[in-house]
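A.B. asks: Please model the entire structure based on the sequences and the hints provided.
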Amino acid sequence: MIQSMTGFGKHVIQLPTKKITVELKSLNSKNLDLNARMPSAYREKELEIRKTIASSLVRGKVDFGLYVEFTGDETSAEVNEPAVKNYMKQLRKIADGDDIRLLDMALRMPDALRTEREDIDEEEYAHIQVAVSEALKEINKFRTEEGRVLEKDFKQRIENLQGLLKDVEKIDPDRQVDVRGRLKKAVADLNVEVDENRFEQELIYYLEKYDITEEKVRLANHLEYFSITLDSADSNGKKLGFISQEIGREINTIGSKANYAPMQQLVVQMKDELEKIKEQMLNVL
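Quick note: to get this note's numbering, add 6 to the position in the sequence shown (first position is 1).
Check each hint, because a few of them may be wrong.
[Unchecked claim] Derived pair list, reagent style EDC-like, types lysine to aspartate or glutamate, alpha-carbon separation capped at 16 Å: (1) Lys31 - Glu152; (2) Lys263 - Glu214; (3) Lys25 - Glu130; (4) Lys222 - Glu175; (5) Lys172 - Glu220; (6) Lys263 - Glu221; (7) Lys263 - Glu175; (8) Lys244 - Glu157; (9) Lys51 - Glu130.
Hints in this document: simulated from the structure, not taken from any laboratory.
C.D. replies: Put into structure tokens, the structure is as follows:
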């Protein structure tokens with residue numbers, strides 16, 4: 007079963023004086039690219055939270071957000087009274103104005119407010135861990151649902167490729183007859199005498215260069231292996247990507263050896279199906 011790298015998860019917890027929201031968003035990426043946004047007071051726990059997210063999401067461009075909203079009377083900021091009085095004293099020396107106006111100006115100056123850094127309460131952090139865990143469940147559920155859609159599309163594309171391969175196998179004998187006929191006609195048009203035995207030997211050698219038996223067998227095996235990997239317990243987008251490259255290699259070789267318009271048309275259709283697989287493959291975990 008495959009998973010998509012696209013997902014969203016959110017969980018909100020309400021504490022007596024705070025509302026804490028955890029959000030996770032992910033998009034496709036070759037590796038794990040985790041961007042974390044959280045209040046500075048919680049930065050000491052960032053590494054631990056990152057490890058938890060990385061072990062669950064594995065790959066993708068992930069945005070993590072921890073938002074804290076105070077809902078009670080509690081606040082960690084207070085007026086820096088000595089600094090404000092000093093600013094007002096300095097302002098009186100250079101500008102006229104009543105105390106209210108000077109106070110308004112002083113409060114806008116640097117260090118007018120000071121924030122006392124508090125250690126994270128362990129009980130509060132336990133709630134945050136639960137919120138992160140629940141958000142991870144949500145985003146993984148989202149990824150799994152998206153993965154089912156991708157899996158259905160992949161299976162249809164592989165079936166289409168298998169059908170086109172059967173069409174290639176059907177017309178291959180006609181292709182060999184056509185190539186042989188065109189070569190004989192080209193020699194006949196030269197209007198020169200040739201040794202028939204030697205000509206037949208050269209013809210066989212030439213036709214062997216255009217034989218696609220091995221390519222057909224390998225392509226069939228790659229398509230089967232893709233389906234088996236798709237049904238495995240783990241989501242392995244990189245492995246499926248490698249198999250897709252091998253499928254493309256065999257299709258290209260068949261196209262270069264075809265030398266027969268009906269078969270080349272089938273190859274174009276196969277390339278189109280494979281290109282759609284590769285586009286979707288970028289989003290598989």
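A.B. asks: For each hint, tell me whether it holds in the structure or not.
C.D. replies: Here is how each hint holds up against the structure:
1. Lys31 - Glu152: OK: lysine 31 and glutamate 152 at ~14 Å, within 16 Å.
2. Lys263 - Glu214: holds (10 Å)
3. Lys25 - Glu130: The given pair, whose Cα atoms are some 11 Å apart, holds under the 16 Å limit.
4. Lys222 - Glu175: holds (8 Å)
5. Lys172 - Glu220: Holds. Lysine 172 to glutamate 220 sits at ~14 Å (cutoff 16 Å).
6. Lys263 - Glu221: This hinted pair holds, its Cα atoms lying about 10 Å apart.
7. Lys263 - Glu175: holds (14 Å)
8. Lys244 - Glu157: Status holds; Cα separation ~15 Å.
9. Lys51 - Glu130: It holds: about 12 Å lies between the C-alpha atoms, which stays within 16 Å.
In the structure shown, no violation is registered for any of the earlier numbered hints.
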